[in-house]
Structures are given as C-alpha cells and as structure tokens.
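S.K.: Each protein sequence line maps, in turn, to chains A and B.
Sequence positions in the first sequence follow my numbering and run 1 to 435.
Sequence positions in the second sequence follow my numbering and run 1 to 435.
Treat the hints as calculated values from the structure; they're not laboratory data.
Predicted model only: the values in this text are computed from it and were never measured.
Errors might be hidden in some of the hints.
To be verified - Simulated crosslink set (DSBU-like; lysine-lysine; CA at most 35 Å straight-line):
hint: 1; chain 1: B; residue 1: K110; chain 2: A; residue 2: K110
hint: 2; chain 1: B; residue 1: K303; chain 2: B; residue 2: K433
hint: 3; chain 1: A; residue 1: K433; chain 2: A; residue 2: K345
hint: 4; chain 1: B; residue 1: K242; chain 2: B; residue 2: K303
hint: 5; chain 1: B; residue 1: K210; chain 2: B; residue 2: K234
hint: 6; chain 1: B; residue 1: K303; chain 2: B; residue 2: K345
hint: 7; chain 1: B; residue 1: K169; chain 2: B; residue 2: K108
hint: 8; chain 1: B; residue 1: K169; chain 2: A; residue 2: K108
hint: 9; chain 1: B; residue 1: K303; chain 2: A; residue 2: K169
hint: 10; chain 1: B; residue 1: K429; chain 2: B; residue 2: K303
hint: 11; chain 1: B; residue 1: K303; chain 2: B; residue 2: K110
hint: 12; chain 1: B; residue 1: K242; chain 2: A; residue 2: K210
hint: 13; chain 1: A; residue 1: K169; chain 2: B; residue 2: K195
hint: 14; chain 1: A; residue 1: K210; chain 2: A; residue 2: K433
hint: 15; chain 1: A; residue 1: K242; chain 2: B; residue 2: K169
hint: 16; chain 1: A; residue 1: K169; chain 2: A; residue 2: K108
hint: 17; chain 1: A; residue 1: K110; chain 2: A; residue 2: K345
hint: 18; chain 1: A; residue 1: K169; chain 2: B; residue 2: K429
hint: 19; chain 1: B; residue 1: K108; chain 2: B; residue 2: K242
hint: 20; chain 1: B; residue 1: K169; chain 2: A; residue 2: K210
hint: 21; chain 1: B; residue 1: K210; chain 2: A; residue 2: K169
hint: 22; chain 1: B; residue 1: K210; chain 2: A; residue 2: K210
hint: 23; chain 1: B; residue 1: K195; chain 2: B; residue 2: K433
hint: 24; chain 1: B; residue 1: K242; chain 2: A; residue 2: K169
hint: 25; chain 1: A; residue 1: K303; chain 2: B; residue 2: K303
hint: 26; chain 1: B; residue 1: K210; chain 2: A; residue 2: K303
hint: 27; chain 1: B; residue 1: K110; chain 2: B; residue 2: K234
Claimed, not checked - Some chain A residues near chain B, calculated using beta-carbon distances under 10 Å:
hint: 28; residue: E21
hint: 29; residue: H75
hint: 30; residue: K280
hint: 31; residue: T416
Said to hold, decoys possible - Per the computed footprint, the stretches of chain A lying under chain B, defined by three or more beta-carbons under 8 Å from a beta-carbon of chain B, are:
hint: 32; region: 42 to 55
hint: 33; region: 152 to 161
hint: 34; region: 180 to 188
hint: 35; region: 233 to 246
hint: 36; region: 257 to 264
hint: 37; region: 403 to 412
hint: 38; region: 424 to 430
Beta carbons: idealized from backbone N, C-alpha and C, even for Gly.
Protein chains: 2
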Amino acid sequence: MTDSVQILELNAFRSASPPTEPGSHLGRRLRNFGAASVLFYREPIEMVSASGPWIIAADGRRYLDFYNNVPSVGHCHPRVVAAVASQMAKININTRYLCPIVDDYLDKLKDTLPSALSNVIMTCSGSEANDLALRIAAEASGGTGFVVTENAYHGNTRYVTEISPAAQKVAVRPNYVATIPAPSESGSVGEEFAKNLRTAICALESRQQKFAGFICDSIFSSDGIFSDPAGFLKLAVTETRKAGGVFIADEVQPGFARSGETFWGFARHGITPDIVTMGKPMGNGFPMAAMATRPDLLVRFCKDVGYFNTFGGNPVAAAAGLAVLDVIRDEGLQENALQIGQYLKGRLSDIARSRRRIGAIRGAGLFLGVDICRDGRPDAAATSNVINRLKEHGVLVGAAGRTASTLKLRPPLCLTTTEADIFADALEKALSKVD
Amino acid sequence: MTDSVQILELNAFRSASPPTEPGSHLGRRLRNFGAASVLFYREPIEMVSASGPWIIAADGRRYLDFYNNVPSVGHCHPRVVAAVASQMAKININTRYLCPIVDDYLDKLKDTLPSALSNVIMTCSGSEANDLALRIAAEASGGTGFVVTENAYHGNTRYVTEISPAAQKVAVRPNYVATIPAPSESGSVGEEFAKNLRTAICALESRQQKFAGFICDSIFSSDGIFSDPAGFLKLAVTETRKAGGVFIADEVQPGFARSGETFWGFARHGITPDIVTMGKPMGNGFPMAAMATRPDLLVRFCKDVGYFNTFGGNPVAAAAGLAVLDVIRDEGLQENALQIGQYLKGRLSDIARSRRRIGAIRGAGLFLGVDICRDGRPDAAATSNVINRLKEHGVLVGAAGRTASTLKLRPPLCLTTTEADIFADALEKALSKVD
Numbered sequence: 001m002t003d004s005v006q007i008l009e010l011n012a013f014r015s016a017s018p019p020t021e022p023g024s025h026l027g028r029r030l031r032n033f034g035a036a037s038v039l040f041y042r043e044p045i046e047m048v049s050a051s052g053p054w055i056i057a058a059d060g061r062r063y064l065d066f067y068n069n070v071p072s073v074g075h076c077h078p079r080v081v082a083a084v085a086s087q088m089a090k091i092n093i094n095t096r097y098l099c100p101i102v103d104d105y106l107d108k109l110k111d112t113l114p115s116a117l118s119n120v121i122m123t124c125s126g127s128e129a130n131d132l133a134l135r136i137a138a139e140a141s142g143g144t145g146f147v148v149t150e151n152a153y154h155g156n157t158r159y160v161t162e163i164s165p166a167a168q169k170v171a172v173r174p175n176y177v178a179t180i181p182a183p184s185e186s187g188s189v190g191e192e193f194a195k196n197l198r199t200a201i202c203a204l205e206s207r208q209q210k211f212a213g214f215i216c217d218s219i220f221s222s223d224g225i226f227s228d229p230a231g232f233l234k235l236a237v238t239e240t241r242k243a244g245g246v247f248i249a250d251e252v253q254p255g256f257a258r259s260g261e262t263f264w265g266f267a268r269h270g271i272t273p274d275i276v277t278m279g280k281p282m283g284n285g286f287p288m289a290a291m292a293t294r295p296d297l298l299v300r301f302c303k304d305v306g307y308f309n310t311f312g313g314n315p316v317a318a319a320a321g322l323a324v325l326d327v328i329r330d331e332g333l334q335e336n337a338l339q340i341g342q343y344l345k346g347r348l349s350d351i352a353r354s355r356r357r358i359g360a361i362r363g364a365g366l367f368l369g370v371d372i373c374r375d376g377r378p379d380a381a382a383t384s385n386v387i388n389r390l391k392e393h394g395v396l397v398g399a400a401g402r403t404a405s406t407l408k409l410r411p412p413l414c415l416t417t418t419e420a421d422i423f424a425d426a427l428e429k430a431l432s433k434v435d
Numbered sequence: 001m002t003d004s005v006q007i008l009e010l011n012a013f014r015s016a017s018p019p020t021e022p023g024s025h026l027g028r029r030l031r032n033f034g035a036a037s038v039l040f041y042r043e044p045i046e047m048v049s050a051s052g053p054w055i056i057a058a059d060g061r062r063y064l065d066f067y068n069n070v071p072s073v074g075h076c077h078p079r080v081v082a083a084v085a086s087q088m089a090k091i092n093i094n095t096r097y098l099c100p101i102v103d104d105y106l107d108k109l110k111d112t113l114p115s116a117l118s119n120v121i122m123t124c125s126g127s128e129a130n131d132l133a134l135r136i137a138a139e140a141s142g143g144t145g146f147v148v149t150e151n152a153y154h155g156n157t158r159y160v161t162e163i164s165p166a167a168q169k170v171a172v173r174p175n176y177v178a179t180i181p182a183p184s185e186s187g188s189v190g191e192e193f194a195k196n197l198r199t200a201i202c203a204l205e206s207r208q209q210k211f212a213g214f215i216c217d218s219i220f221s222s223d224g225i226f227s228d229p230a231g232f233l234k235l236a237v238t239e240t241r242k243a244g245g246v247f248i249a250d251e252v253q254p255g256f257a258r259s260g261e262t263f264w265g266f267a268r269h270g271i272t273p274d275i276v277t278m279g280k281p282m283g284n285g286f287p288m289a290a291m292a293t294r295p296d297l298l299v300r301f302c303k304d305v306g307y308f309n310t311f312g313g314n315p316v317a318a319a320a321g322l323a324v325l326d327v328i329r330d331e332g333l334q335e336n337a338l339q340i341g342q343y344l345k346g347r348l349s350d351i352a353r354s355r356r357r358i359g360a361i362r363g364a365g366l367f368l369g370v371d372i373c374r375d376g377r378p379d380a381a382a383t384s385n386v387i388n389r390l391k392e393h394g395v396l397v398g399a400a401g402r403t404a405s406t407l408k409l410r411p412p413l414c415l416t417t418t419e420a421d422i423f424a425d426a427l428e429k430a431l432s433k434v435d
C-alpha cells in the first residue's frame, strides 16, 4: 500500500508476536479482519471522538491529525453531520427516481468544473470512479493500454489495482500497463515528463496494446508529492491526445480545495481533463465519489453497457456533498489552505536550515511532502522513526513515495496557525531525537 | 440492466422526445447524468419523503414501495437514522485505527454466518465485494474461469460487469465466463442444475480457462426469482468443489432475513459457501457492503496484493449495520417476512385462479416473483403494462427475468397484512385492465 512504512501489518497468520489476547480489542480485530488487517503503528491507537483537526484516543490522549484527507473540512463537522441526519430522516432512495437535492448538488459541483465536463456519474468510492473512468477511456480510444506513474495508487478493484503499482506487494505488470517515473521538480520538468510518457506509449504499442489513456493524480501523492512548477502537466496532456488517448485526472487526493491555489489539482496546471474522478473528501466521510466527463465520451460508453450504482448519487450523499461545498465556501477553506500551507512551508524551511535530515519540501496548500534523508539520500528507516516519534508527540502523519521516505502532510483544511506551529514544533523535537 | 422493461432510458442524445424543458427537474437531470440517465417510468416520479413501506411524491401522492430492497427495515427507520447521526457526530475514521463499534458489529454479523467464514472485509458496495470475491476465488483456485447464470447480475465494476450478462446491453462473453440456465423449479432441479454446471466447467476448460468458481444469488433475482425446492443448490456446490472451484454466494439480494425462513439465502439450501458477499439492505441505505470468507482463502490473497478500503468498515457504517441487525431482531422482521410473505403468496394464488394472465408464483418470504403470461407464455409487454398500471394505483414494482416478464416483489420486511392487501387489490385492478 502507499503508506507501507508506518503500517504494521498485523497479520495473525504471519506475524510472530502480535499482542493477540483473545479478549483485547486488537485480538478481536485480528480475528475479524484476518490477513486483511492493516493497522497503523506497532501499538495501534483506539480512537473515540474527533473534532476539527483533533482526534481523542481511548486513553485520553489527543492527536493532531495531519494524516487523514477524508475529514477535510474538519472531523465531524456539525453542518455535514446535520445535513446527513436530516436527509436520512426524510428520504434516501436511488437515482431512478428524481430527488431535487441530487441535481442541486450536481449543479453546484459542476460550477467548480470545466464546463465541458457536464455529465457526472456518482459512485460510492474513488475506486469505483476510476474503474469506470478506465472503461470509458478504453471505449473512447478503442485502446487498452494505460500509462501510470511508477508508484501510482488509483484504488482497489481488480482493474484499478492492476494499474496501481503502489497497491501491489508482489509487482504485477499486466501487458497493458506502462509506467513512467514521477515528475522530478528539477530541470525541464514538463518536457522530461512528456518525453517519458511518449516512450511509455511506444512501449505499449510495441506490445500490441493500443494506447487508451494516461491517468495521474496531479499532486502525485503516492509517488512522493510533486506539484511544481504548476503547469508542467500541460505537455503530457497534449502528448496523450496526440497519441489518441484520454487524459484522466484522478482528483481523489488533490481535489476539493486542498492545494489552496485552485479548487482542483488539475486547474493549477491550466488543463482541462477528458475525465475527472473524485472521492475521499467529497462527503467529509460519507461514502461517496464521482466521475465527471464530456457527454460524447459517456454516450459512446453507454451504448454497450450503461452504468447504474445503487447507492451512488443518493440524496443523503448529495446532502453531505452540498454541506461540504458550502463549508469550503463559507469558512474560506481554500484560502485558508493556501495561507496556512504557505505558513507551514515557511516553518518547515526554517527547520530544514538547522536540521540536515530534511531534504526537499514540496507541495501546494495543505498537501505537503517533506523528504527525510541521510547524507542527502532518502532514508526510509529515519522516516518511519520520525513518524513514530511524531505519534509520541501527539501528531498523526504518514509516508509517501516509492522508498517511503517522504513525510506526507494532509491536515484538515481548517487548520490554524497555532496548530501548524504545534506540528512544526513536534517535528523539530522528533528530528532532534533522530539526528 | 436487470429492470430494463420498466426503465425508460431517458437519453438526451438518443431519445427523440423526452420532456426536457431546460428549467424542469427532468431537464436538469438529463443535463447532469447525460447518457447514463436511467429513470423509472415514462413520467419519472419526484420523491420527497418516505417512512416504512411508503414513499410520498412531490405531487402529494403516496406509493407503496414493493420495489426497493435497500430500505429493508423500512424507509428512514428512526433507529438507523439516529445511530448514523450519533456516530457521525462522534468519530468517523478508517480501519487503520481501532474503533470498538466496528468489531462489535463484525462480531454480531458473524453470529449470523457459518463459523468457518470468520474473516470479513468491509467495502462500500456489493460490486466492490463481488469484485474482491472473484479475485480471491481466482487466487485460491489458480483458475480464471467463472460460471454464472444466463441473466445474472453481480454489479458494476469492469470485472463484475463482464460476468453479469444482465448488465450488458450488447452481450460481451469473455472467454473466461460460461453461463448456465437459471434453475427451472420443475423436475429434478438440483440434478439438472448441477449437470449444466458440469457442462459449463467443461466448456471453460476446453477454452483453456481453468475453473475458478461458481457465483450465484440464491434467490436468482435477475434471472426471474427461483427459490425452490430449498436445498437444490447443494449438488451444484459439491460439483463446484469437485472441479477445484470456489463457491461464492452473492447475498446482496436475498440476505438479511428477506427470505423469511433463514437469515441468509444460502442457509435455505443447507450449504456453507466459501465466500459470501452482501450489500444493499446491510445499512438500510447507508452505503456499505462486505465479503466474508475463510481465513485460509484470505491469507493466500493478501500475500500478493492485500486490500484496503478507505470508507469500508468506518464506524458510521458499523453503527448503521448494528442498528439494522437490532431492528431485524427486535421487530421480528424475519418472522414477519415469512408470515406476510406466505399471506401474500396466498392472495396471489387466489388472484391467479381467476386471472389467466398470472403464470407461476415463486419465491420465499418477501422476495416473490409472479410471471405475467399470455396463453401460458411470458409476456413482457403485458408485464410492463401491469407495472405502469400498478403505478397508477400507487404501487411501485419492477420486472425480472431474461424476458422481463416476471413481477419482482421486494417490499420492506416490516410490511403489514393490510399493506399486502393493498398490493393484492391493486394488482387485481391492474390485471383487469390488461386482460
């Protein structure tokens, strides 16, 4: 998985000594989840309540959440909770009947998107949205081959797992998938990235896999967070279209104002994707996701199969989604992400001057990556060490990148300067023990 | 789709004359959903509120819901609404942290399942659960080939759509899928069904597709509802295992007490599946689903890929799921489904004696199928006609089966005798106009 370094995979069948007393919560979990148990930290935390960027654990400790990008407008935001509770008590039904709130939501959501992407399909998860996006791209292009980045993560269905190197413990490289390195943020980023894409398309075609499309997350989260210079994706999009492919912007990670500069990650690059997928923060925890595309692409796809999703686009999801959009606007969260993100980046740069363990600091808004190094090289062990020490200091954070040596910072967008300082101070302390 | 006969596919791009005034709700919907618009009835109904088995439309009319099997304990059940609202206000986080309510739920859910199926993976939709189940079966068997029924529907991801003939407008028959006819309910049902399965397995192997498994919905919903004689699935399961395959019980439709006799549809047949998938009524509308299996199958799968689902198994889903299990128990809904189902079947049989349009009446509990015929043969046009007339009489119902000539009855499990009578009376009136 993308967060492998700080995940202790508590596997009752393979792990030698997990604390599995039958009566303990951990013991119950291992019996229930079995080999699929994936828990953070060697001593997993039991959580009981949360508010804003704070989570309270069963032992009374509170944690500043710099990890979870689902409760993006703040944990348990009262407006989202109220909207869900009220709509659930009224009606919750599928989209084969009309419910005005569903179209109220889609109209508002579309106001944030390029006007060309006027059709939206609502799903339950980003995985479902990406699975569908790949199928639409294949149908539109008449192709099968996809290009992804080397440590891309796009979800958990069979199709989407196959194109997600980061999801594979044992590398599966289906013939129809070609990978390219994540962008470098140095030199001619756009030219280099487009050149690699061109090479990958050629590789696919040499394997008799007609190019169907290029899918990427514009913040390159699982690759290690690469955002700059804004605009570098333009050439890759041009290249994709020149080769007859479809460009899919996976906005599950960067979407919904996280980058601060723009509402969508792709907008920072000044591009209009053919398909946009979104999920995680869309309902602040209510399970919902979506795929937006051009009518002409959807018509072609629906001719042969069509698509219906039982839970997707139900009125409760619409109520949650509307509340999230309203909160982002009313609380100025995009601006806040920009300002607090800049402030935090400043503090991180200050720390980097005195702490040689910090390498590059990348990212936009409240989606930042901090490389942890030893003698200028990525150091996964030190990164893991920092993450565990940050936990001791009451901060939750994860790692990203192929070598899992980049701290991945994604606090709720309502973060304050004080809370940014709490993180920065904790990081400084954690680094002092690692040095 | 499975409900094709009564679905008017309002496609702005292909339909000649949908009422698409730009300001109308229908106009907005068509602009938002585009070619993926799927709405019931030529004049789609706008719904505003719902309670128990009743839905209130925008024009003030109320409809008795005999169609939707998601709000299975009754639309907007106050205990489910309260459980979701309360948990959402407290904490909603992913399963990489511990939350006792998640394991409280899984412990209770597992009490309803065979003890061998002790590992559960929570997902957002039945589609995700089935997609995962197929992958686990393939891994466990070392095979690729699956057998399904001729009009099976198992969901909407790419993988699951490929094995769902009912989801395909244009038939796709990948090499790895073989179909068998739905069970007949006449003659030696079990022997015939197992014989067909054996033939299909041979067909797969003649195409160099090693048999991976057999997946079916034990009520055969989209095939036209075939439930009897209980036990007929036993031989097919034996045949599946003899051929080295995995038996997957898709309980998305029959699960959670709907059949009245047992909590799970497979239990009516006295079988223990290798994998059970579930969804729709699991959270009474809160998007959640799951897959239960044996630890040994999960270990093998997790060795190579593992699985994590961001929204799956969150504490709010657990709260919804717990409330559903509690309501089924406290309100005696399984017993009610059995009793009211028998009563309804009796009324339908009485009607059948005077109305020659009714052919066979099948099903268990509150999952019934009623064939609509002309001269003893399936009549899709008459079925569609009956469905539209039932709407005029304030009853929502759908069609099932390859020829879409079976009325599919799935009211909430809290249905009363009075409400069963309202349906039966409306059906009698509708049939009188069709005859």
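S.K.: For each hint, tell me whether it holds in the structure or not.
M.R.: A quick look at each hint next to the structure:
For the proposed pair B/K110 and A/K110, the alpha carbon gap of about 42 Å is over 35 Å, so the pair is violated. With a C-alpha separation of about 61 Å, the suggested pairing of B/K303 with B/K433 is violated against the 35 Å cut-off. Taking the CA atoms of A/K433 and A/K345, the gap is near 22 Å; set against the 35 Å cutoff, the hint holds. Of the supplied pair hints, the one linking B/K242 and B/K303 holds, its CA atoms being roughly 25 Å apart against a limit of 35 Å.
Simply put, B/K210 and B/K234 have alpha-carbon atoms about 22 Å apart, close enough for the 35 Å limit, and the pair holds. For a cut-off of 35 Å, the pair hint linking B/K303 to B/K345 is broken: about 49 Å separates their Cα positions. A distance of roughly 40 Å separates the Cα atoms of B/K169 and B/K108; the hinted pair therefore is violated under the 35 Å criterion. Taking the CA atoms of B/K169 and A/K108, the gap is near 32 Å; set against the 35 Å cutoff, the hint holds.
Between B/K303 and A/K169, the direct Cα distance comes to roughly 7 Å. Compliance with the 35 Å bound is thereby established for this hinted pair. Only pairs whose Cα atoms come within 35 Å are accepted, and B/K429 paired with B/K303 is rejected, the gap being roughly 59 Å. Between the alpha carbons of B/K303 and B/K110 the distance comes to roughly 24 Å, so the proposed pair stays at or under 35 Å and holds. The suggested pairing of B/K242 with A/K210 is violated, with an alpha-carbon distance near 40 Å, which exceeds 35 Å.
The straight-line distance between the Cα atoms of A/K169 and B/K195 is roughly 40 Å, outside the 35 Å bound, and the hint therefore fails. In summary, the hint linking A/K210 to A/K433 is not supported, as the alpha carbons are separated by about 52 Å, beyond the 35 Å threshold. The suggested pairing of A/K242 with B/K169 holds, with an alpha-carbon distance near 31 Å, which does not exceed 35 Å. Proximity of A/K169 to A/K108 is assessed by CA-CA distance (about 40 Å); at most 35 Å being required, the pair is judged violated.
Pair hint A/K110 plus A/K345 holds up; C-alpha atoms about 31 Å apart against a cutoff of 35 Å. The suggested pairing of A/K169 with B/K429 is violated, with an alpha-carbon distance near 61 Å, which exceeds 35 Å. Among the hinted pairs, B/K108 with B/K242 is consistent with the structure: their alpha-carbon atoms are about 32 Å apart, no more than 35 Å. Between B/K169 and A/K210 the CA atoms are separated by roughly 25 Å; this keeps the pair inside 35 Å, and the hint holds.
Between B/K210 and A/K169 the CA atoms are separated by roughly 25 Å; this keeps the pair inside 35 Å, and the hint holds. For the given pair, B/K210 sits about 28 Å from A/K210 by alpha-carbon distance, which is consistent with the 35 Å threshold. Restraint check: the Cα-Cα separation between B/K195 and B/K433 comes to about 42 Å, which exceeds 35 Å; the hinted pair is violated. Restraint check for B/K242 and A/K169: the C-alpha separation of about 31 Å stays at or below 35 Å, so the hint holds.
Between A/K303 and B/K303 the alpha-carbon distance is near 39 Å, which puts this suggested pair outside the 35 Å criterion. Between the alpha carbons of B/K210 and A/K303 the distance comes to roughly 32 Å, so the proposed pair stays at or under 35 Å and holds. Restraint check: the Cα-Cα separation between B/K110 and B/K234 comes to about 22 Å, which is no more than 35 Å; the hinted pair holds. With its C-beta approaching chain B no nearer than about 14 Å, A/E21 sits outside the 10 Å limit, and its interface hint is violated.
With 10 Å as the threshold, the beta carbon of A/H75 comes within range of chain B, its nearest partner Cβ sitting at about 7 Å, so the hint holds. Checking A/K280 against chain B: minimum C-beta separation of about 6 Å stays under 10 Å; hint holds. Hint status for A/T416 relative to chain B: violated, with the closest Cβ pair at about 21 Å, above 10 Å. Residues of the region 42 to 55 of chain A with a Cβ under 8 Å from some Cβ of chain B number 8, which satisfies the need for three, so the listed coverage holds.
With 5 residues carrying a beta carbon less than 8 Å from a beta carbon of chain B, the region 152 to 161 of chain A meets the three-residue requirement, and the given coverage holds. Against chain B, the region 180 to 188 of chain A contributes 0 residues with a C-beta closer than 8 Å to a partner C-beta. That does not satisfy the three-residue criterion, and the hint is violated. Residue count for the region 233 to 246 of chain A with a Cβ under 8 Å from a Cβ of chain B: 0. That is fewer than the three needed, and the coverage hint is violated. Check on the region 257 to 264 of chain A: 0 of its residues sit with their Cβ under 8 Å from a Cβ of chain B, so the three-residue criterion for coverage is violated.
Residues of the region 403 to 412 of chain A with a Cβ under 8 Å from some Cβ of chain B number 0, which does not satisfy the need for three, so the listed coverage is violated. For the region 424 to 430 of chain A, the stated coverage by chain B is violated: 0 residues have a C-beta nearer than 8 Å to a C-beta of that chain, whereas at least 3 were required.
Going through the hint list in order, the structure does not satisfy hints 1, 2, 6, 7, 10, 12, 13, 14, 16, 18, 23, 25, 28, 31, 34, 35, 36, 37 and 38.
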